[in-house]
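Engineer: Okay, here's what each chain looks like letter by letter:
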Amino acid sequence: MVNELVLDHLSVRFALPGKFSLPGATVAAVNDVSLRIRPGECVALVGESGCGKTVLANALLGFLPGNAQTSGTATLTGDGPSLDLLTTSDTVLATTVRGRRIGLIPQSPAAHLTPVRTARAQLEEAVRVHHPTDTAPRDHAHRVAARAGLSPDDLDRYPHELSGGMAQRVANALALVGDPWLLIADEPTTGLDRHLVDGLIEEFRRMVADGRAVLLITHDLAAAQRIADRIAVMYAGRIIEIGPTRKVLEVPRHHYSRGLVDALPDRAFTPIPGQPPLLTDLPAGCSFAPRCDQAAPVCAERPTLTDDDHAVACHLPC
Amino acid sequence: MLTGLRADAITAGYDPRHPVLTDFSLTVHSGQTFGLAGPSGSGKSTLARVLALLHKPFAGTVHLDGVPVTGFRQRAPRAQRTRIGVLFQQPRLSVDPRMTLRTAIAEPLRANGRPADRVDELAELVMLTPELLVRRPHEVSDGQLQRACLARALALRPGYLVCDEMTTMLDASTTAALVNVIRDYQRQTGAGVLAISHDTVLLDHWADHVVTLDNATAGN
Ligand code: SF4
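For the record, the sequence lines run as chains V and H. Here the first sequence is numbered in this note's numbering, starting from -16 and rising by one per residue. Here the second sequence is numbered in this note's numbering, starting from 46 and rising by one per residue.
Keep in mind that the hints are not guaranteed to be accurate.
Coverage of chain V stretches by chain H, computed from C-beta distances (three or more under 8 Å per stretch; other residues unrestricted) [what the hints assert, rightly or not]:
hint, region
1, 26 to 32
2, 170 to 177
3, 201 to 209
4, 240 to 247
5, 252 to 258
Here are the in silico distance ranges between beta carbons for each label pair [unchecked claim]:
hint, chain 1, residue 1, chain 2, residue 2, range
6, V, H143, H, V112, 34 to 44 Å
7, V, H143, H, R118, 22 to 32 Å
8, V, D290, H, R159, 54 to 64 Å
9, H, D53, V, R121, 49 to 59 Å
Interface residues of chain H toward chain V, partial, derived using beta-carbon atoms under 10 Å [to be verified]:
hint, residue
10, G83
11, P84
12, Q134
13, V224
Keep in mind the hints are simulated off the structure, nothing from the lab. Idealized CB from N, CA, C, for every residue including glycine.
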């Protein structure tokens, strides 16, 4: 069976405990997301903080907190049994999925590494966990490190002795040890200097060329533009537009995507008026309607995502 | 009268033997936006903290409107400290998690014995709606929290604003919105802004002029 991850009408809700200022409310963090990811492509999930993109990533990794309720499915196929990631137990996810079929590239690699152990010790341990029968874990660690652009000498360092770029490479190497076909990267470029972003982009392109898939979660449209083959724009928990990167950025079809593109400093640098709706109180129709200059009576009904190559959920697309 | 927030031959850092910034000078003029770019480790953030009077340099002087600053941190004279507003990269680290956004915005007003009745006006300035003001940091997004931090930074009508990687966590629209709020504030008050970022595309479109701090101008 081919490797594939298929999200089908995936939703995640949180029941807020009483200590919040809105006791008893439900947060609709991810709403009805359908998406297919295959090897050999990088898909960027773009949206502002609070739009649900990180919750979606956490749902796929089994990292949702106890008060989360999910519906829909996230089916992982190929390289092992077909699984619905939403209903698979954490034990199964920990032993057969995370690190082996899905790798995680963390947001701040330096903080992700154990401070008192060298990069080699951490990499070798990961090799032993993922390849228990390998009789030469050190050589294996060196091979993985080399693939991520590290020399054996680099591995003798402790995390605090690694530059930002090297820490990133160690984290990438760790994510690749179990040979997952899908990598999920949550805001990997945030706060990185230009040359580190360049290095990371190159690394992602190499992973994709190797036949892996990368799901990039980011608020940074400019970074997505440089890495992704496809961009999915999320707003208020929904994918409102998805298509080839060039098309989404050059001829956006949703009014929110157009607004985001226009907000870039090297475009008009103008903000979208208003603010996103509260996820505890989403409008019944199009969630963007209160901010949309094209809103019409028809927008009181929720638009559905079209199913073409460059899909949009809007009654009156640009 | 001499105006401007001036760093004069500043040497600063955390270890006197290895300062991250050596003999560095710049002036943020009133009404202008000075862009400071450079990679991490180049001393940008140290300079931001020195100019916000939050970090004492090893050598050199900060002049505020022609007057040398005589103390830093708690020792900074209140009249000087309140002339400078600051914004950081991580709004979550700069707001007490127990405070509502309303309390957080009012904090500098209270601390300086001023009436807190400006909070609504400040909230409106940064486009925070009343239902968000009763929330606590973990109940709002990074963008909403950074809006509250900007309102707080403007509460005492500072003459200068130091923005250290203020937009790193923000999406394009929130970035553009906050930059617009700052520009409007500058137009009304003639405030000077130091905009620090590793994003040169942003600085090229935000600042009146941009200087790049590299490891050669900084430390060793
Ligand atoms: S559906 Fe209507 S309100 Fe929503 S983006 Fe399209 S035109 Fe605007």
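Engineer: Now, for every hint given, state plainly whether the structure supports it.
Structural biologist: Hints, verified against the model:
{"no.": "1", "hint": "26 to 32", "verdict": "holds (count 3)"}
{"no.": "2", "hint": "170 to 177", "verdict": "holds (count 5)"}
{"no.": "3", "hint": "201 to 209", "verdict": "holds (count 4)"}
{"no.": "4", "hint": "240 to 247", "verdict": "holds (count 5)"}
{"no.": "5", "hint": "252 to 258", "verdict": "holds (count 6)"}
{"no.": "6", "hint": "H143(V) to V112(H): 34 to 44 Å", "verdict": "holds (40 Å)"}
{"no.": "7", "hint": "H143(V) to R118(H): 22 to 32 Å", "verdict": "holds (26 Å)"}
{"no.": "8", "hint": "D290(V) to R159(H): 54 to 64 Å", "verdict": "holds (57 Å)"}
{"no.": "9", "hint": "D53(H) to R121(V): 49 to 59 Å", "verdict": "holds (54 Å)"}
{"no.": "10", "hint": "G83", "verdict": "holds (9 Å)"}
{"no.": "11", "hint": "P84", "verdict": "holds (4 Å)"}
{"no.": "12", "hint": "Q134", "verdict": "holds (7 Å)"}
{"no.": "13", "hint": "V224", "verdict": "holds (7 Å)"}
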